[in-house]
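Chain order of the listed sequences is A and B. Residue numbers for the first sequence, in our numbering: 2 to 435. Residue numbers for the second sequence, in our numbering: 2 to 435.
Treat the hints with care, since some could be wrong.
Put simply, identical chains are the same to the list, so a pair is met inside one copy or across any two.
The calculated DSS-like cross-link candidates involving lysine-lysine, where the alpha carbons are at most 30 Å apart (straight line), are [unchecked claim]:
1. 427 x 9
2. 289 x 98
3. 98 x 161
4. 289 x 220
5. 220 x 98
6. 23 x 427
7. 199 x 427
8. 427 x 414
9. 424 x 23
10. 220 x 332
11. 332 x 98
12. 332 x 427
13. 9 x 424
14. 209 x 199
15. 329 x 220
16. 172 x 424
17. 9 x 47
18. 23 x 47
19. 289 x 332
20. 329 x 289
21. 220 x 161
These aren't lab readings, by the way, just hints derived from the structure by calculation.
Protein chains: 2
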Amino acid sequence: MECNMMIKGCTILTMDRGRIIKRGLIAINNERIEYVGREEEAGDIKAERIIDGHGKVAMPGLINCHTHIAMTLFRGIAEDQEVNRWLRETIWPLEAKLDPLDVYFGSLLGCLEMIKSGTTCFCDMYLYGESVVRAAERSGLRAVIAPGIIEAGDRRIGEKMLAESVRISEKYRCYAGGRITTRLGPHAVYTCSLDLLKKVRDNASSLKVGVHIHLAESKEAAIRVREERGISEVSILDEAGLLDSNLLAAHCIHLSREEIGILAERDVKVVYNPVSNMKLASGIPRIKEMLDLGVTVGLGTDGPASNNALDMFETMKTAALLQKIYYKDPKVLPARKVLEMATIDGAKALGLEDITGSIEAGKKADIILVDMRKPHLTPVHNVYASLVYSARGCDVDTTIVNGEILMENREVKRLREDEVIEKAEKTALNLILR
Amino acid sequence: MECNMMIKGCTILTMDRGRIIKRGLIAINNERIEYVGREEEAGDIKAERIIDGHGKVAMPGLINCHTHIAMTLFRGIAEDQEVNRWLRETIWPLEAKLDPLDVYFGSLLGCLEMIKSGTTCFCDMYLYGESVVRAAERSGLRAVIAPGIIEAGDRRIGEKMLAESVRISEKYRCYAGGRITTRLGPHAVYTCSLDLLKKVRDNASSLKVGVHIHLAESKEAAIRVREERGISEVSILDEAGLLDSNLLAAHCIHLSREEIGILAERDVKVVYNPVSNMKLASGIPRIKEMLDLGVTVGLGTDGPASNNALDMFETMKTAALLQKIYYKDPKVLPARKVLEMATIDGAKALGLEDITGSIEAGKKADIILVDMRKPHLTPVHNVYASLVYSARGCDVDTTIVNGEILMENREVKRLREDEVIEKAEKTALNLILR
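Chain A on its own, in the form it takes in the complex:
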């Protein structure tokens, strides 16, 4: 067999039904994985390029199912504040000043951070979706872009944002050779009317794209919705016809047992954002119960303004720890399940499980190498535990997306790191002074 690239000598965590391969070999041709197995059983494979994987773990790239990457610009800008004040006094006024170029540079910084911490695919909801598309395209990352739609009491604004979200979703729904896809992004039930949500459903259905929304993140908003409209957020989504397997719902904190049951029944996909949920004191979603009912749960960092990082390794560890302390049971959410959530389950949540999320022949080559020759990764008694509880984003040595090396030995290839940092710094400063 002839191929473009070969990774040799690594331990492979395939995330394909628990298969771990020691002294493994991965052959990649063009964008796809051609072979995964033991080196000694690989037969005669010729590759233009050989990556030495000794002392490293190869695993599927991490999938960040919910973020707003351009918010890198606001990282650390208003800390340790009450959430409404944070939004009203700082975030929203700054967002009102944003232009498409700001979002582009902020997004590019987010992409750079993700490449450097082992994320190969992300789902983003934000303003100026086209700028996020451009940044994702430029960076080489796999992305699902959901241009945000907020009505907030003004029907005309809602219609306008819907039209823009539909336009972008249509234009980029299979873009950059399929590396970039789209969803419609209604912000939340409490910021969109039932009428608008129904239009979102109709458009998503005719475009054949999914929908991404915030659900039950804020207790206050959940109570307000119930008071003002007489029914819960979940019931409104149901009435809008959105409660199905194409819905990706971020947070899902303030839900009743029955509502969790409904999400499970309708195969709604959930994103768990433990760091942001803790930092904003939003509450703790009952992930264990969701998993017990068979809900597909992916992991997200949420935006870097409420995290303040895009490091999915940190998110994995916090995801496990927060469920353990909530259920007062250290057995809850074991390391292997967390790794599944960050890879194959994340791919399922985004409807991309045939393309990414595991290292299997036939899938696209979205692979990271973690360098295990570090004091904090010594010894390795259990590779799942090492990766979830001890590893950090900076231990990622090589990041490959769609068969292309985006970082090797921590050197970023496509993007010029200094330039991206400098542009984002200037953009953030300018935004404050503007």
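Given the coordinates of chain A, work out where chain B should sit on it, guided by the hints.
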């Protein structure tokens, strides 16, 4: 002024009453800080060696107030288990097999990990305290070693361990030029009799060393103590005469409001170990209330078997996040206070505030440089927030302890990194096979 070393051009986070210096200069002579201030106001200082601090933050080295560093050997060995089972089936049988050399190599790995993640001082409680002393001495770190004392129902064992703890504490109470000091380390109230605790107090008092103990970590143990002895853990410590400013109590989770009040009144020092508390599902200590009452609270990682890292940057972030979610208030435990806990308050907890914990002329030079030219540290709107919520141990570029550079540009000086990793790996493997 002539001095050995000078750090120029950095932002200095002194942790001395909130003083932040831009374009700062630190002059170090022998072990001590001679000058801290603005570069342009420094006057004529000559140094044998100049460290370029541009793009970096200089801050006091982090202080890990509670750990068991030799447990690096058990990192990841028995994960996601019920705590009693974890201890009884895995940790205790392995500890029974440990010898002094194992503890030395495990401790050395822990020291290496701390140097690489910006910790300059740690307080350790473990078996074979002399091995931990040797590792600390070799590594160059500042350390407070509390050789562990466990009676667990056998008076003779208790006496023997007390004698050994006293012997080591006496021998090393001002060791390696004062870089290493000691404490007595009774494990916990539920594993030591009142009689033994009284002897600990008498010995600590005549040796003029402090005492380090686990307090109210396990709810089950707290209940058992109350059932068996009729009074609470705090009351027993009081009866033993240990409730004073020389007591460093780790965890302090399952305490009543009154008991927290007593700790405050007696100036008992508390160590908050958020990552371990979450991972073992031990519970959440009410740190906000302790701080409101004026308790000195330091931060700890706890042992790497229940964390599974010694990264104090991670511990800072988790410390803040866990209090925010517990009190349902994002304002609780702001970034600056967390940084104080990890530096100057930690020094106070260990009784070392005249020596370390801030960058001030006259103190020992325990300083780290954090390289801020990273995507996840861009932009810097608030340096406290950047360090607590976005930085990780691997962003530490240079680690200086007692005026000696232990790591520069991430290259470790005194220890040979590969050798330390290899020895520890072999030791861990051998321990399992033995």
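Taking the hints in turn, this is what the structure says about them:
In this assembly of identical chains, residue 427 and residue 9 lie within 30 Å of each other by CA distance solely across copies; the values are 24 Å between and 42 Å within a copy. Taking CA atoms no more than 30 Å apart as the test, residue 289 paired with residue 98 passes in neither setting, with 40 Å inside one copy and 37 Å between copies. In this assembly of identical chains, residue 98 and residue 161 lie within 30 Å of each other by CA distance solely inside one copy; the values are 18 Å within and 70 Å between copies. Taking identical chains as interchangeable, the C-alpha atoms of residue 289 and residue 220 lie at most 30 Å apart whether they share a chain (20 Å) or sit on different chains (23 Å).
Within a single copy, residue 220 and residue 98 get their C-alpha atoms as close as 28 Å, which meets the 30 Å cut-off; across copies the closest is 51 Å, which misses it. Taking the shortest alpha-carbon separations for residue 23 and residue 427, only the inter-copy value of 19 Å comes in at or below 30 Å, while the best intra-copy value is 46 Å. In the homo-oligomer, the alpha carbons of residue 199 and residue 427 never lie at most 30 Å apart, since the shortest distance is 41 Å inside one protomer and 62 Å across protomers. Taking the shortest alpha-carbon separations for residue 427 and residue 414, only the intra-copy value of 22 Å comes in at or below 30 Å, while the best inter-copy value is 37 Å.
Taking the shortest Cα distances, residue 424 and residue 23 sit within 30 Å of each other only across copies (22 Å), while inside one copy they are farther apart (42 Å). When the C-alpha separation of residue 220 and residue 332 is checked against a cutoff of 30 Å, the pair qualifies both within a copy, at 28 Å, and between copies, at 17 Å. When the C-alpha separation of residue 332 and residue 98 is checked against a cutoff of 30 Å, the pair qualifies only between copies, where the shortest distance is 26 Å, while the shortest distance within a copy is 47 Å. In the homo-oligomer, the alpha carbons of residue 332 and residue 427 lie at most 30 Å apart only across protomers (29 Å), although the nearest pairing inside one protomer, at 46 Å, exceeds that limit.
Taking the shortest Cα distances, residue 9 and residue 424 sit within 30 Å of each other only across copies (26 Å), while inside one copy they are farther apart (37 Å). Taking the shortest Cα distances, residue 209 and residue 199 sit within 30 Å of each other inside one copy (15 Å), while across copies they are farther apart (74 Å). In this homomeric assembly, residue 329 and residue 220 come within 30 Å of each other (Cα to Cα) both inside a single copy, at 22 Å, and across copies, at 11 Å. Taking identical chains as interchangeable, the C-alpha atoms of residue 172 and residue 424 lie at most 30 Å apart only when both belong to the same chain, with a minimum of 27 Å there against 57 Å between chains.
With identical chains, the CA atoms of residue 9 and residue 47 are at most 30 Å apart within one copy only, with a shortest distance of 12 Å there and 52 Å across copies. Taking the closest pair of Cα atoms, residue 23 and residue 47 come within 30 Å of each other only inside a single copy of the chain (21 Å); across copies the shortest separation is 55 Å, beyond that limit. Proximity of residue 289 and residue 332 under a CA criterion of 30 Å is satisfied in both settings, with 11 Å inside one chain copy and 28 Å between copies. For a Cα distance limit of 30 Å, the shortest separation of residue 329 from residue 289 qualifies both inside one copy, at 12 Å, and across copies, at 21 Å.
With identical chains, the CA atoms of residue 220 and residue 161 are at most 30 Å apart within one copy only, with a shortest distance of 28 Å there and 56 Å across copies.
In the structure shown, a violation is registered for the earlier hints numbered 2 and 7, in ascending order.
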